[in-house]
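S.K.: Here is how the chains run, residue by residue.
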Amino acid sequence: EAGVAQSPRYKIIEKRQSVAFWCNPISGHATLYWYQQILGQGPKLLIQFQNNGVVDDSQLPKDRFSAERLKGVDSTLKIQPAKLEDSAVYLCASAILDSSEQYFGPGTRLTVT
Amino acid sequence: SQQGEEDPQALSIQEGENATMNCSYKTSINNLQWYRQNSGRGLVHLILIRSNEREKHSGRLRVTLDTSKKSSSLLITASRAADTASYFCATAWNRNTGKLIFGQGTTLQVKP
Numbered sequence: 001e002a003g004v005a006q007s008p009r010y011k012i013i014e015k016r017q018s019v020a021f022w023c024n025p026i027s028g029h030a031t032l033y034w035y036q037q038i039l040g041q042g043p044k045l046l047i048q049f050q051n052n053g054v055v056d057d058s059q060l061p062k063d064r065f066s067a068e069r070l071k072g073v074d075s076t077l078k079i080q081p082a083k084l085e086d087s088a089v090y091l092c093a094s095a096i097l098d099s100s101e102q103y104f105g106p107g108t109r110l111t112v113t
Numbered sequence: 001s002q003q004g005e006e007d008p009q010a011l012s013i014q015e016g017e018n019a020t021m022n023c024s025y026k027t028s029i030n031n032l033q034w035y036r037q038n039s040g041r042g043l044v045h046l047i048l049i050r051s052n053e054r055e056k057h058s059g060r061l062r063v064t065l066d067t068s069k070k071s072s073s074l075l076i077t078a079s080r081a082a083d084t085a086s087y088f089c090a091t092a093w094n095r096n097t098g099k100l101i102f103g104q105g106t107t108l109q110v111k112p
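Chains as they are written, first to last, in our numbering: chain A, 1 to 113; chain B, 1 to 112.
It is worth saying that the hints were derived from the structure and are not from the lab. Quick caveat, the model's predicted, so the values are computed rather than measured. Treat each hint with caution, since some may be false.
Once the Cα atoms are required to be at most 27 Å apart in a straight line, the calculated DSSO-like pairs of lysine-lysine come out as [what the hints assert, rightly or not]:
1) K15/A - K71/A
2) K83/A - K44/A
3) K99/B - K71/A
4) K26/B - K99/B
5) K56/B - K99/B
6) K44/A - K70/B
7) K111/B - K44/A
8) K70/B - K99/B
9) K99/B - K69/B
10) K15/A - K78/A
11) K15/A - K44/A
12) K78/A - K44/A
13) K15/A - K62/A
14) K44/A - K11/A
15) K56/B - K26/B
16) K78/A - K69/B
17) K78/A - K99/B
18) K69/B - K62/A
19) K78/A - K62/A
20) K70/B - K26/B
21) K26/B - K15/A
Working from the sequences, and respecting the hints, build out all of it.
M.R.: Structure (structure tokens):
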């Protein structure tokens with residue numbers, strides 16, 4: 001079975017620019033998560049989707065971050081405008097409905113200069 | 001804030017030795033999971049232990065859970081160089097939402 005796909009793998013931007021990340025979950029997984037992982041820390045949940053609806057976005061900085069999951073499959077996470085502190089790895093994970101075991105993609109490493 | 005606190009932050013052992021990592025958490029949980037992350041890669045699920053379980057095994061992995069102390073431990077026996085990675089515990093409050101809160105992780109180095 002194909003795993004969670006993410007692109008790009010690496011991105012370098014200047015502060016105040018915008019950036020978008022893409023995630024394709026495992027086929028049939030209804031739940032999709034975006035995490036932010038700062039160097040030396042564990043992943044922090046940004047947003048959780050169930051199909052195309054948002055379940056939890058309480059830790060998403062909504063003034064600059066947005067995410068969507070149109071049609072309940074692929075998802076994009078956008079940052080606009082980026083700040084230096086947004087430098088991190090952005091991980092996408094998916095899970096089957098009602099399961100807390102998550103499958104992670106390889107992540108996108110974002111560097112904001 | 002993150003739920004889990006892991007101890008130690010870093011661990012260095014020789015191949016063949018056992019590695020033990022500990023995780024403490026603050027609130028009631030439905031289950032606790034351990035994940036491994038190799039450098040520059042995504043996380044890989046290792047094992048899940050439910051709140052009504054005390055011990056679970058998977059290959060060379062042994063996980064214990066003490067809900068009275070709000071703590072868990074991961075034991076890797078007969079470690080290999082390939083076990084070098086960061087290990088994270090993650091707690092789930094509610095099985096249905098699937099939301100996980102991750103700890104800070106333990107970085108394990110296994111020297112050949």
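S.K.: Please go over all the hints and tell whether each is borne out by the structure.
M.R.: Going through the hints against the structure:
{"no.": "1", "hint": "K15/A - K71/A", "verdict": "31 Å, violated"}
{"no.": "2", "hint": "K83/A - K44/A", "verdict": "17 Å, holds"}
{"no.": "3", "hint": "K99/B - K71/A", "verdict": "22 Å, holds"}
{"no.": "4", "hint": "K26/B - K99/B", "verdict": "15 Å, holds"}
{"no.": "5", "hint": "K56/B - K99/B", "verdict": "22 Å, holds"}
{"no.": "6", "hint": "K44/A - K70/B", "verdict": "21 Å, holds"}
{"no.": "7", "hint": "K111/B - K44/A", "verdict": "30 Å, violated"}
{"no.": "8", "hint": "K70/B - K99/B", "verdict": "18 Å, holds"}
{"no.": "9", "hint": "K99/B - K69/B", "verdict": "22 Å, holds"}
{"no.": "10", "hint": "K15/A - K78/A", "verdict": "14 Å, holds"}
{"no.": "11", "hint": "K15/A - K44/A", "verdict": "22 Å, holds"}
{"no.": "12", "hint": "K78/A - K44/A", "verdict": "16 Å, holds"}
{"no.": "13", "hint": "K15/A - K62/A", "verdict": "17 Å, holds"}
{"no.": "14", "hint": "K44/A - K11/A", "verdict": "20 Å, holds"}
{"no.": "15", "hint": "K56/B - K26/B", "verdict": "21 Å, holds"}
{"no.": "16", "hint": "K78/A - K69/B", "verdict": "40 Å, violated"}
{"no.": "17", "hint": "K78/A - K99/B", "verdict": "21 Å, holds"}
{"no.": "18", "hint": "K69/B - K62/A", "verdict": "36 Å, violated"}
{"no.": "19", "hint": "K78/A - K62/A", "verdict": "10 Å, holds"}
{"no.": "20", "hint": "K70/B - K26/B", "verdict": "7 Å, holds"}
{"no.": "21", "hint": "K26/B - K15/A", "verdict": "36 Å, violated"}
Checked against the numbered hints above, the structure violates hints 1, 7, 16, 18 and 21; every other hint is satisfied.
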